[in-house]
Amino acid sequence: MREQEKSMATGRFGRYGFYLRQRPALLVLLSIITIAFFLAVTGLSRAHEAQRQALGNRWFNRGVADLNAKRYDAAVTEFRSALLYSQDDYSYQLNLAEALIGLKHTAEASAYLLNLWDREPENGLVNLELARIAVQRGEIDQAVRYYHDAVYAAWPRDQESNRRQARLELINLLLRIKDLGDAQGELIALAANVGEDPAQQDTIGDLFVRAGDYEHALGSYRIALRADRRNVAALAGAGHAAFQLGQYPLAQHYLQQAIAASPGDTQSAQLLQTVDMVLRMDPFRRQISAADRDKAVVDAFKSAGQRLNSCTLPVASSPGAGPPISLNDEWFAMKPHISMAELRRDPDLAEKAMDLVFRIERQSSIVCGTPAGADLALLLISKLHEGS
Amino acid sequence: MDLESNPETDVLVENGRTHAASVWIHQHSPRAFLRSAFREDRFFLILSVFIGVLSGLAVVCFRFAIDWSRLYLLGTGAVLTPVRMLLAPSLSGLVIAVLVIHFFPTSRGSGVNQTKAALYIFNGDIPIRTAIGKFVTAALAIGSGHSLGPEDPSLQIGACLASLLGRKMQLSRDRMRLIAPVGAAAGLAAAFNAPISAVLFVIEEVIGRWTAGILGSVVLSAVSSVVVMRWFLGSESLFRIPAVELKNPTELIAYAVLGVVGGLASVVFASGITTLRPKCKALPLWTQYFQPAIAGLLIGIIAMMGAPQVMGAGYEYIDQAMHGQFTWQFLAILAGVKIVATLLSFVSGTPGGMFAPTLFIGAMLGGAVGGAQHFFFPHLTGSVGTYALVGMGVLFAGFLRAPMTSVFMVLEVSGNYSIIVPVIVANTFAYVISRGLQPIAIFDLLTRQDGLELPSMEELREEDVLRVEDAMQPVEGPVLDANDKLEKALMELDHSENEDVLVRLSPSGWSTVTKEHLRQMAAQGKSQENVGSLLLNPRIPHLHPDHPLETALRYVDRWPIVPVVSRADFRKLEGVVTQRHVLERYREFGEG
Numbered sequence: 001m002r003e004q005e006k007s008m009a010t011g012r013f014g015r016y017g018f019y020l021r022q023r024p025a026l027l028v029l030l031s032i033i034t035i036a037f038f039l040a041v042t043g044l045s046r047a048h049e050a051q052r053q054a055l056g057n058r059w060f061n062r063g064v065a066d067l068n069a070k071r072y073d074a075a076v077t078e079f080r081s082a083l084l085y086s087q088d089d090y091s092y093q094l095n096l097a098e099a100l101i102g103l104k105h106t107a108e109a110s111a112y113l114l115n116l117w118d119r120e121p122e123n124g125l126v127n128l129e130l131a132r133i134a135v136q137r138g139e140i141d142q143a144v145r146y147y148h149d150a151v152y153a154a155w156p157r158d159q160e161s162n163r164r165q166a167r168l169e170l171i172n173l174l175l176r177i178k179d180l181g182d183a184q185g186e187l188i189a190l191a192a193n194v195g196e197d198p199a200q201q202d203t204i205g206d207l208f209v210r211a212g213d214y215e216h217a218l219g220s221y222r223i224a225l226r227a228d229r230r231n232v233a234a235l236a237g238a239g240h241a242a243f244q245l246g247q248y249p250l251a252q253h254y255l256q257q258a259i260a261a262s263p264g265d266t267q268s269a270q271l272l273q274t275v276d277m278v279l280r281m282d283p284f285r286r287q288i289s290a291a292d293r294d295k296a297v298v299d300a301f302k303s304a305g306q307r308l309n310s311c312t313l314p315v316a317s318s319p320g321a322g323p324p325i326s327l328n329d330e331w332f333a334m335k336p337h338i339s340m341a342e343l344r345r346d347p348d349l350a351e352k353a354m355d356l357v358f359r360i361e362r363q364s365s366i367v368c369g370t371p372a373g374a375d376l377a378l379l380l381i382s383k384l385h386e387g388s
Numbered sequence: 001m002d003l004e005s006n007p008e009t010d011v012l013v014e015n016g017r018t019h020a021a022s023v024w025i026h027q028h029s030p031r032a033f034l035r036s037a038f039r040e041d042r043f044f045l046i047l048s049v050f051i052g053v054l055s056g057l058a059v060v061c062f063r064f065a066i067d068w069s070r071l072y073l074l075g076t077g078a079v080l081t082p083v084r085m086l087l088a089p090s091l092s093g094l095v096i097a098v099l100v101i102h103f104f105p106t107s108r109g110s111g112v113n114q115t116k117a118a119l120y121i122f123n124g125d126i127p128i129r130t131a132i133g134k135f136v137t138a139a140l141a142i143g144s145g146h147s148l149g150p151e152d153p154s155l156q157i158g159a160c161l162a163s164l165l166g167r168k169m170q171l172s173r174d175r176m177r178l179i180a181p182v183g184a185a186a187g188l189a190a191a192f193n194a195p196i197s198a199v200l201f202v203i204e205e206v207i208g209r210w211t212a213g214i215l216g217s218v219v220l221s222a223v224s225s226v227v228v229m230r231w232f233l234g235s236e237s238l239f240r241i242p243a244v245e246l247k248n249p250t251e252l253i254a255y256a257v258l259g260v261v262g263g264l265a266s267v268v269f270a271s272g273i274t275t276l277r278p279k280c281k282a283l284p285l286w287t288q289y290f291q292p293a294i295a296g297l298l299i300g301i302i303a304m305m306g307a308p309q310v311m312g313a314g315y316e317y318i319d320q321a322m323h324g325q326f327t328w329q330f331l332a333i334l335a336g337v338k339i340v341a342t343l344l345s346f347v348s349g350t351p352g353g354m355f356a357p358t359l360f361i362g363a364m365l366g367g368a369v370g371g372a373q374h375f376f377f378p379h380l381t382g383s384v385g386t387y388a389l390v391g392m393g394v395l396f397a398g399f400l401r402a403p404m405t406s407v408f409m410v411l412e413v414s415g416n417y418s419i420i421v422p423v424i425v426a427n428t429f430a431y432v433i434s435r436g437l438q439p440i441a442i443f444d445l446l447t448r449q450d451g452l453e454l455p456s457m458e459e460l461r462e463e464d465v466l467r468v469e470d471a472m473q474p475v476e477g478p479v480l481d482a483n484d485k486l487e488k489a490l491m492e493l494d495h496s497e498n499e500d501v502l503v504r505l506s507p508s509g510w511s512t513v514t515k516e517h518l519r520q521m522a523a524q525g526k527s528q529e530n531v532g533s534l535l536l537n538p539r540i541p542h543l544h545p546d547h548p549l550e551t552a553l554r555y556v557d558r559w560p561i562v563p564v565v566s567r568a569d570f571r572k573l574e575g576v577v578t579q580r581h582v583l584e585r586y587r588e589f590g591e592g
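Those sequence lines, one after another, are chains S and L. Number 65 in the numbering used here belongs to position 65 of the first sequence; there are no gaps in the numbering. Number 213 in the numbering used here belongs to position 213 of the second sequence; there are no gaps in the numbering.
So that you can see chain L by itself, here it is in the shape it has in the complex (with noise of 0.2 Å):
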């Protein structure tokens, strides 16, 4: 930099541009670098990456403690023993009901929904006595085995480290509105050790719009977080993916069947939530204390029964069932007993997650279709194990609705882009199935249940939006050229009833004058000057068709009329909206 300092004119010269001195000291001052490093917006992508060490930090000792619970509760060993599987869930379960109800009322349910609520409720705030009380229980609860598993808390656990330290830092009302989620996806990428997958669910069904900075600050803490959890827990997948090939198109007949059963798995599991939880909420308050205890016990007696894979997270049955070594008859019995168990876990109100049951449903149900069908039709190529991961994404989609992430999951599981055919297949009959046959998801199922209104993310996807076009009307009357003299103009003008009327600017752009202004100027002997000389407003903005029709609220009460002009050439009209014809459009919109 060329800097020269003339101190009797106080001002510096840099690459030939002045400055005065003041000036530029002050922008160039350690404070104004500081200033600039703690605006805002840059501080708050700082947070975002300690949100997300943090977070990994808490979900690593969350992980641990599912572990130590399991192994002090249930055994070392592979195979459980008839005692501690009818004993461990049990007693959790009524140190759980206690817990739950005397000291962490909020850390019932999976945690999406309370995220949620603080987000669109809350400006960001989660107790941290919710993030301590969802650890502990979620921990016993996972750990004795209850058919829940930890993704879910270690989203809430996440939001709620975030949410604290957003309000140490006194964040700003926006700020700490958003810091919840950045949380949420920290937490929920350690916890499945996918963090294109988390970021996508956070945004597709917590935040539910894009931009650039939310993008930013949770993509960062994400992935900070899966380097923290793969640095102490390594960075092996959750199970062993199999070899996956899709040799013939003709089997994407057999995924879409696997679609078809899993979208309707979906609604019998759905269903049977939003049924028996407020049944089982709206029995005497001391039933409370003994509801996760029962379901605990039951889930002991199944897996006495010989379904001991239904207790806990699976994630190790998961893989099991990729590698064939279950029969398909078998499989279909697990993702039976499976969803029993997961009901009778959640609806009791022990704290735990869906997302792990969801996966073990959808893997045993894909394995139980591609066995199926590997038996009456030798020929398909597709191994089990290919159909139990394609099933995964299966019940992602038809049960958390999440289509996006659904897809994305099984690829960053898999690491394999061939499934990407399958899974895309299957998964979209099972959301249009699920979607058909159940329209509320389950996630804003429960907050109604819970008396929350959040705005649900898939009816904001699913919701018609107005568009200038359907305000638009054609042009009636004459539209003039700012080259027109003025005389010409009121001659075409004679026969309009319109007062206002639009100008074509030249080389581009429009205006609008009105019948009584060109008569005064022709009154003052402007015959003879052009149109555009004339004109009051030199330029007025326009429209085009795919507008949103809210974009023209900002412009049809300043201007009595807004050209609509095509996108590819802006000098022609397409047509005109009104204040009016805006708001009665949205008034039969209104009115359905």
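Chain S with its partners taken away, still in its complex shape (with noise of 0.2 Å):
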């Protein structure tokens, strides 16, 4: 009978009746039980979350503890992990690869940060560790590059020291690998940025000396020495930047300046030494009287023959169509000359004789090395001299 009912029922509605009597109320029932156990689970999701950000936090402030205390290998162990809790925390990571850079576990160290610099790329730090392991493993193109980026890079704070810091450490590298030009042009931008903070100009002018860049240099040294005129190291730095660009007498300043500061100054002792031969040696130097010109004259060809007795020079082809003369045969013959009598007679004979010791003092550095001493102050004075 009720089978009759049910084909009975099945025929008024058709094929589908009695599906359509059951499936739409059971869908009703079923997205109201998926509603439920969705709010379930996003209470039990909640509990979770909290409960795994809370033991995530409580490691990680051990591991940044450890971390400050050098402590790499259990900070290593402690954000590890917090790193259980919270795969992808950034500041997890960070921290992590910092300890493991302290560890000298740069390859994996490496993969955290390439990972968050994959997320953020202008994080600061990010790249300044990643351009730190580039240099580490001597990939000095990806080091300049995460350099240049840790400079233009957001920091969440200290943004100018740190973008300072990165750029000091641009500038070592690339002193490093001698690319002298670069260097120069982050130098100028890094000091633009420093202001008249002494020792952060005191840094740059030394940086400007190894970049050889001493016009530079000597601006730097002369900003510190505005706040402290007594400022050692500037005083000799600013010496050792006037001496390279041939400004003696600027030279002698500030050296002497610096040794009556710090007497136990002994390069800065040398290089004055140095200065003041070049500057008692010159004969064309202004406001000197004729037989202290002729003196000078005299003692410096003397010293060029004493340098001809240590220095064997090659023999060099003539001018003209004649047999080779030498430099020494050159000093030889004119020799006989070279008097204080001769000099006052023949105002011409000075500068030869100066061209002569010049030459002698310029070819003898080439093949001998750098003189010492009055060899070295006449090489000096024959480069000031140049082309004049």
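Simulated from the structure, these hints should not be mistaken for lab results. The beta-carbon is built from N, C-alpha and C at its ideal position, and this holds for glycine as well. Warning: the hint list may mix true and false statements.
To be verified - Computed list of chain L residues with no C-beta within reach of chain S, every gap over 10 Å:
#, residue
1, Y120
2, G385
3, E584
As the list claims (entries may be wrong) - Computed spacing ranges between beta-carbons, pair by pair:
#, chain 1, residue 1, chain 2, residue 2, range
4, L, V421, S, S31, 20 to 30 Å
5, L, L276, S, P156, 36 to 46 Å
6, L, H379, S, R176, 25 to 35 Å
Fit the two chains together into the complex; they arrive one by one in their own frames, and the hints show the way.
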């Protein structure tokens, strides 16, 4: 009977009648169950998340304490524990990377940092650490790229000082690889950023000296000296820069002050000695009497002769069609004429004698290396008057 | 729509076409809409989304359960204390044994075979108790450090939920059979955060065939479950993927070596399981109470001896292996001890999955091979992480014997298509070696050990298929043309012994006619008529040489001779098939 009723119902509603009465209702019920399940899982998920966050933070704080105390081994374990609870946490990974760098596990640290870099390519610290790792690995191009990114990156705090630090490291790298042009460019930018901070300007001055940019180096030392006239490092640096620029009176001024302030500075003392000799031995300096000039020429000629004795120079071809004439022959040929009386009588002789002296000093410096003492002074004087 | 009603004629005019009003109303009524929406095939798709969502929620809960289990049993830190290492897996093993033996006997094993059994034996029916048992025992086992993974249990939980929904929705038997794989795909996708791999695995290993209906449901459920899972757990991958690049094609040799090593390791792993499992099952019943505990204790000892990485699923260590944290020698040791630990856990009957251990072993092995190759050939540019990533796919192909899934799994997890060539090379070597040394796949072996005979997807894939060309015979005697005069046709047939003759129709098509019939027509004075006008069968079907032979079976009992024609030219006869030839070919095939 029931079967009959069922088949009648089926007939009345067609072959889908039975399902039409059942499925919509079941689907509504299923939706309600799904929503309820979803809400329950949401609650569960929040509890789970809160617990994981608390555990993660606990391990992270321990890790930070150990990292600050340079207990890298413990810090790595703790940061790893923290990461169990938040695998993608940025600061957990960053700190773990730093701890790994501390442990010299650069490969793994690099993996974490690269992952962080993918997420935040403009993060300064990540770029700086990646640059340092690249330097360790000898990947110079990459290092320069990361340093550049670090210089222009966003830093969560102390942005200016962190950028300066990154740029300083970049400059040191560029100087190490002898890329002096780029180094000078970065140094000029850095100098403009540090203002009048004497310590910074002092450091920048040293870097300019290493980059061979003595003009800017002198400028930086002068800024440093504005704040403290007795800044020994700046005085010595300025003396050195002025010396390299051939500004010997200025170099003498700074070096004298540097030695006065720091008598133990032997390097500056030696430099000052050379500067004094240059200033004393230069026959073409201003405000010099004729007698003093002639004496300086005679002394210089004598020094050149001694230099020829200690350094054998090759025979050079003569400027004309005659046989080759060596500098030694020239010197011996001129020697009988170099006296105070002859120089007084022939004013052009001084120039000729000094021309020979300069050629001897230049040639001997090429053949026998940079001289010392009077010969060095004469060489510097020759450079000073080069082309004049 | 231009719709007019004419009450006098009771006819509706719609865009110039007329319909009886009652028919139109019937077709456009709310009831018709509901009827259409709730037609079973559409309803099945809607249900697939619900299955995906519910499976995703269940898998999220399962992950929470494993997490909590780990926190309370093994501690909160990355470094485990020796006491916990020993006690957690062994004591949990005791509890698990009691639960499995007394309450959830069907929750043993990984879950893949149970889902296949539901499809092929139990008409899609999986008791919900199985899901509950699997959830509890697997969470306890994995959380306490047994060397098993959460993927296969998730797959089974999804299948159970789907089966429950199917029963409650009173689906037809055909749909019920398919619903377990739909849930399985959802569970696996959520557990692995990889919907494509999950869909492929279920199609490749559980269902074994591609049809639009199945694919739609499986994809819908997998995608819905992954969306739910990502809603709660985030979208990040299970491990950080290293930078992948293949600079020099000669490095493929190195990946081929990895494939060979992976293939051999797969065979060792699978042989260990298939050898030890029946032996453990054959031990007295009371020992089954202690087998998971002893397995747990031994795993704890392995962990204490310096390899705590073998405990649990071990995804965090896969991550570390990919980023060069271990030496290649240690990676090789880890691969070896993980095989031992997983063997112990699995053969002791502890519920849990094989996917995660397989990936772990593969990653360690890959890293070890990569590291060793770097050591001996420093010019190789592929990172250890790349080898570890490829290694995961290698073991997947070699051990689980799912070649398609193994490739897509690595691609999906890495999100980097430049790795595809190394993966294919290495996986092919691993698969071929594994199949050569162990012809029956691990899932099929386990099924047979359990006394079930489920279809082996691998054997189905590799099965030889008979084609029409295998039974095709050359044409003997003349072939008539429909335009031939009957008189001429009879002259041609005079020398032929065949009673049945093929007739080529114009412009295309084929028919047959008997000599007897043609003679009768001639006797009736139709000698000058075309053969085509005298045919009894205006047209018969034809076959092509590459058709499966079973296609021929549909025709050969109705027509004594069936033409086999070229696909390029339907008038070109390649041969013929008859019922006798088809049956003879089948008989020969059956006799091997």
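Hint check for P156 (chain S) and L276 (chain L) - Cβ pair distance inside 36 to 46 Å = 56 Å, violated
Holds or violated: is the Cβ of E584 (chain L) farther than 10 Å from all Cβ atoms of chain S?
-> For E584 (chain L), whose nearest Cβ neighbour in chain S is about 44 Å away, the distance exceeds 10 Å, so it holds.
Do the Cβ positions of H379 (chain L) and R176 (chain S) conform to the proposed distance bound of 25 to 35 Å?
-> 27 Å, holds
Beyond 10 Å from every chain S Cβ: check whether that's true for G385 (chain L).
-> At roughly 7 Å from the nearest Cβ of chain S, G385 (chain L) sits no farther out than 10 Å, so the non-interface label is violated.
Does the Cβ pair V421 (chain L), S31 (chain S) satisfy 20 to 30 Å?
-> Given about 47 Å between the Cβ atoms, the range is violated.
Would Y120 (chain L) pass as off the interface with chain S, using Cβ distances and a cut of 10 Å?
-> The assertion about Y120 (chain L) holds, with a minimum of 26 Å to chain S.
This entry does not satisfy hints 2, 4 and 5, going by the numbered hints stated previously.
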